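Engineer: Chains A and B, in that order, are what the protein sequence lines are.
Mapping to our numbering: the first sequence position 108 is 604, numbers consecutive.
Mapping to our numbering: the second sequence position 59 is 580, numbers consecutive.
Just so you know, these hints were derived from the structure itself, not from any lab.
Keep in mind that this is a model prediction, so the values were computed, not measured.
Glycine is no exception: its CB is placed at the ideal position from the N, C-alpha and C atoms.
A couple of the hints might just be wrong.
What the hints assert, rightly or not - Which chain B residues stay away from chain A? Per the calculated CB distances, all over 10 Å, these: (1) Thr573; (2) Phe587; (3) Ser594; (4) Gln601.
Claimed, not checked - Just so you have them, the derived chain B footprint on chain A, three or more residues with Cβ under 8 Å: (5) 504 to 516; (6) 525 to 535; (7) 560 to 568.
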Amino acid sequence: SQQGEEDPQALSIQEGENATMNCSYKTSINNLQWYRQNSGRGLVHLILIRSNEREKHSGRLRVTLDTSKKSSSLLITASRAADTASYFCATDADTNAGKSTFGDGTTLTVKP
Amino acid sequence: GAGVSQTPSNKVTEKGKYVELRCDPISGHTALYWYRQSLGQGPEFLIYFQGTGAADDSGLPNDRFFAVRPEGSVSTLKIQRTERGDSAVYLCASSIRARNEQFFGPGTRLTVL
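Here chain A stands alone, though its shape is the one from the complex:
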């Protein structure tokens, strides 16, 4: 089974609104990464947050990590139609360097 699980599975919002996606995982991690995927092909890396970090920002993206709850959230502020995509979290466990485990993603639709 997948380590990371995203919630919700699908999210539909209006342009300009904020979108929040959550990720839960099961085992102790070294880092957690968020990716975006358009049209079911290549993934684009968004943010990597390490286990000793609690929050990171990149442009309109904000990622938080709570290792005590084994959860992370991705916030996209002031969403745009171009943000429409699937978003995945992936975890690198403490014990398996290089093995990233992905969840099944959140499908975000931003309506213009």
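Based on the hints, put chain B in the right spot on chain A.
Structural biologist: Here is chain B on its own, set in the frame of chain A:
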């Protein structure tokens, strides 16, 4: 610079045939990863190379799957006696080293008839 490239972009084959999928990572990236993704699911880890050696091949589903990276750059994923259940998009990624951000290629869509 160039990103990760994968060839072919699409491959249609018949059940029982042998296929090879190629990945060209970003120059200088020592870590290379193969994933498989089915419709509506996240990528599933197959194998990870650090340099020329397979550091973790625990995701390979069975012995029909094999991957090599002989010179520490280009990698080939080989699937013998393909089955219809092998149909998926096969994704390759590279990173400067393990536990760093991964850059993905566009994938190879494999269809086994």
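Engineer: What hints, given by number in increasing order, does this structure fail?
Structural biologist: The structure breaks hints 5 and 7; every other hint is satisfied.
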